[in-house]
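Engineer: Let the hints inform the model, and build the full structure from the sequences given.
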Amino acid sequence: MSNFIPGQPLVAVVQRIEIKKLRQGDNLILGFSIGGGIDQDPGQNPFSDDKADKGIYVTRITPGGPAETADLRMGDKIMQVNGYDMTMMTHDQARKRLTKKNEDVVRLLVTRKSLEEAVKNSMGGHQRQ
Amino acid sequence: MDTESTYSGYSYYSGRSRGSHRHGERSRDRDRHKSRNKDSRSEKSVTINSPPAEPLLGDSSVRGGEQVQDDNWGETTTAVTGTSEHSLSQEDIVRITKDLEDSVGLDCRRYFTLTLAVVMGLLVFLTPVAFLVLPHLLWPEKLQSCGTACEGLFISVAFKLLILLLAVWALFFRSPRAGLPRVFVFRALLAVLVLLFVMSYWLFYGVRILDTQDDNYQGIVQYAVSLVDALLFIHYLAIVLLELRQLQPCFSVCVMRSTDGEKRHYNLGQLSIQRAALAILEHYYCDFPVHNPALLSASKSRAAKHLAGLKVYNVDGPGNNAAAGMAHSQSRAMIAAAARRRDTSHNELYYEDAEHERRVRKRKARLVVAVEEAFTHIKRMQEEEQKKTPVDVMDPREAAQAIFPSMARALQKYLRTTKQQHCHSMESIQQHLAFCITNNMTPKAFLESYLSAGPTLQYSRSHWLARQWTLISDASVTSGLSDGCVFQLKCVDFSLVVTTKKIPYIQMSEEYIDPKSHKFVLRLQSETSV
Chain A
356 MSNFIPGQPL VAVVQRIEIK KLRQGDNLIL GFSIGGGIDQ DPGQNPFSDD
406 KADKGIYVTR ITPGGPAETA DLRMGDKIMQ VNGYDMTMMT HDQARKRLTK
456 KNEDVVRLLV TRKSLEEAVK NSMGGHQRQ
Chain B
7 MDTESTYSGY SYYSGRSRGS HRHGERSRDR DRHKSRNKDS RSEKSVTINS
57 PPAEPLLGDS SVRGGEQVQD DNWGETTTAV TGTSEHSLSQ EDIVRITKDL
107 EDSVGLDCRR YFTLTLAVVM GLLVFLTPVA FLVLPHLLWP EKLQSCGTAC
157 EGLFISVAFK LLILLLAVWA LFFRSPRAGL PRVFVFRALL AVLVLLFVMS
207 YWLFYGVRIL DTQDDNYQGI VQYAVSLVDA LLFIHYLAIV LLELRQLQPC
257 FSVCVMRSTD GEKRHYNLGQ LSIQRAALAI LEHYYCDFPV HNPALLSASK
307 SRAAKHLAGL KVYNVDGPGN NAAAGMAHSQ SRAMIAAAAR RRDTSHNELY
357 YEDAEHERRV RKRKARLVVA VEEAFTHIKR MQEEEQKKTP VDVMDPREAA
407 QAIFPSMARA LQKYLRTTKQ QHCHSMESIQ QHLAFCITNN MTPKAFLESY
457 LSAGPTLQYS RSHWLARQWT LISDASVTSG LSDGCVFQLK CVDFSLVVTT
507 KKIPYIQMSE EYIDPKSHKF VLRLQSETSV
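Chains A and B, in that order, give the protein sequences. Be aware that the first sequence starts at 356, since it is given in this note's numbering, and climbs by one per residue. Be aware that the second sequence starts at 7, since it is given in this note's numbering, and climbs by one per residue.
One or more of the hints may lead you astray.
Said to hold, decoys possible - Here are the simulated DSBU-like cross-link-like pairs (lysine-lysine), alpha carbons at most 35 Å apart as the crow flies:
#, chain 1, residue 1, chain 2, residue 2
1, B, K269, B, K496
2, B, K370, B, K450
3, A, K468, A, K451
4, B, K311, B, K368
5, A, K406, B, K525
6, B, K311, B, K419
7, B, K525, A, K451
8, B, K522, A, K406
9, B, K368, B, K385
Unchecked claim - Residues on chain B that point at chain A, a partial pick, calculated with CB under 7 Å:
#, residue
10, H312
11, R529
12, L530
13, S532
14, E533
15, T534
16, S535
17, V536
Because the hints were derived from the structure by calculation, they are not lab data. Cβ coordinates follow ideal geometry from the N, Cα and C atoms, glycine included.
Structural biologist: Here it is, written out as structure tokens:
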């Protein structure tokens, strides 16, 4: 992930991930856990490179759940959910965005470090979104 | 206890050191007498029958094998081994010779200063009275009569003299704690100041009042009052110089005993070296565990064993090296040979220590059980029971004697294992037992004084092994303590090495924190599953 400078536009290589929610009893679950948020302590985030990054990160993936089958990985930073930006969200707002009862499918834009390196290796330093 | 300073830099100008000069000779004789060759291997030791501090239960192992004098005393090597017999017999010799000529010279000096002080005190006290009385004796007709104010001043003089008398008695007429080698500089200065002062007052009085036969009696009385006031101020100066100045701690001294490395730290104020030494010695008697020469024999025998097997021969023949070079090469050869030899003494030390530890613990366990059992036989009898049943009642001493035999053996074995048996005599143990019984102490409290070595004052005088001290110092003993100064307090068996360090100057600044500025935020890292 690029270095985060507050106030400047953020450039990142993202991957589209589409997760179909699974119905379990009365709930629709996605099968992963999130951490982070602008109201949380960024220093305790084990997955971020920059310890001032207050974005939403995937902290756990339930094995066999819909997130795992959709190739979401632990440590991914969620940039967008269904078109809504997640980089400046409180923890609770992020949770609400992901657990809307009237949506069956969530389309995420996630970024991870290996993506950037893969792009660098293949394009020889030229990034594009 | 008397102290001496052996100080080589100054010649003995000071009149006070008359006595100490003589003592210096004697102490040097004793030192030569004592520092004989200790690493000779002969086992014969000649013991001079000494006045008894009788050891525990007539234990004869302390005195060495032979109690009677050897027949061919002149022919055999009188050598002393490095065990406790050595220092005990030396101490007895020292004690005998010391008692014979005990402090003759020093008493002389003490009486001299005492008489001087008394004479000066009388002079100072009688001066105002003389000032007041002399006009009445010498020119009574011419003298103006004393009015009211004048008579009021009489009362003032009387009370001020009384206060001065009490103050001088409180400050100066205390029994001396010690005899110091050099004169106490501040006291001498104060004495000189007082004498000068009184002399100048007398001079003025003689010239301006006696000669002219002044008839203004009130003026004379006021003059006497001013003298007494000034004397009170000099007394205030004396308090500040002698008592108050050294109260604020300025130096931290580290006192280390040379034989076993016991170390203590004390805070002292600005004192002269001899006064600092006195303060340190007073702390020594209360803080340092008693010096036990029996504990040092093990390391001495180990040290002897290190070099016992090596002999160095000079094959190059005599006379081609300087003596210093020869000694240097010899010692290098010995060190090299010792390093090459496979030395297993550390192994022995380790196992010996472990074995000794185990033995001490075993004996201690037996001792504790024996003492606890012995104490159960004794019960304090109440007053009512005494009237009802006339059993055999005992006072504490008899009770102690009754229960002592059951624990005596265990106690003796324990003391012998920890090498303390010469510190406690049977009589002292029974006395301590009676004391504990009287004061309702538990067996553990009774044993406490035998389980660990207590401070020197706890033991009787004959076991102190530390009664007369010599101050050895580079700087003059009347000069003040300074940072990094080192001096030694030498006793017959050991010495205390004292090093001084100055307490640093502390620069403190302040910072104000508003109590309302203490604010906190909650920093969370929650994890929610979606």
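Engineer: Hints first: check each against the structure and report whether it holds.
Structural biologist: Hints versus structure:
Straight-line distance between C-alpha atoms of B/K269 and B/K496 comes to about 16 Å, which keeps the hinted pair within the 35 Å bound. For the hint pairing B/K370 with B/K450, the CA-to-CA distance comes to about 12 Å; that is within 35 Å, so the pair holds. For the suggested pair A/K468 and A/K451, the alpha carbons sit about 26 Å apart, so the restraint of at most 35 Å is met. Between B/K311 and B/K368 the CA atoms are separated by roughly 29 Å; this keeps the pair inside 35 Å, and the hint holds.
Taking the CA atoms of A/K406 and B/K525, the gap is about 23 Å. The hint holds against a cut of 35 Å. For a cut-off of 35 Å, the pair hint linking B/K311 to B/K419 stands: about 28 Å separates their Cα positions. For the given pair, B/K525 sits about 31 Å from A/K451 by alpha-carbon distance, which is consistent with the 35 Å threshold. About 30 Å separates the Cα atoms of B/K522 and A/K406, which keeps this hinted pair within 35 Å; it holds.
Of the supplied pair hints, the one linking B/K368 and B/K385 holds, its CA atoms being roughly 28 Å apart against a limit of 35 Å. Using the Cβ-Cβ criterion of 7 Å, the hint placing B/H312 at the interface with chain A is not satisfied: the shortest such distance is roughly 60 Å. For the restraint placing B/R529 at the interface with chain A, the shortest Cβ-Cβ distance is roughly 4 Å, inside the 7 Å limit, so the hint holds. With 7 Å as the threshold, the beta carbon of B/L530 comes within range of chain A, its nearest partner Cβ sitting at about 5 Å, so the hint holds.
For the restraint placing B/S532 at the interface with chain A, the shortest Cβ-Cβ distance is roughly 6 Å, inside the 7 Å limit, so the hint holds. Nearest Cβ of chain A to the Cβ of B/E533: about 5 Å, under the 7 Å cut. The hint holds. Hint status for B/T534: holds, given a least beta-carbon distance of 5 Å to chain A, under 7 Å. Interface restraint check for B/S535: the shortest CB-CB distance to chain A comes to about 4 Å, inside 7 Å, so the restraint holds.
At its closest, the beta carbon of B/V536 sits 4 Å from a beta carbon of chain A; the interface hint therefore holds under the 7 Å criterion.
Checked against the numbered hints given earlier, the structure breaks only hint 10 and satisfies all the rest.
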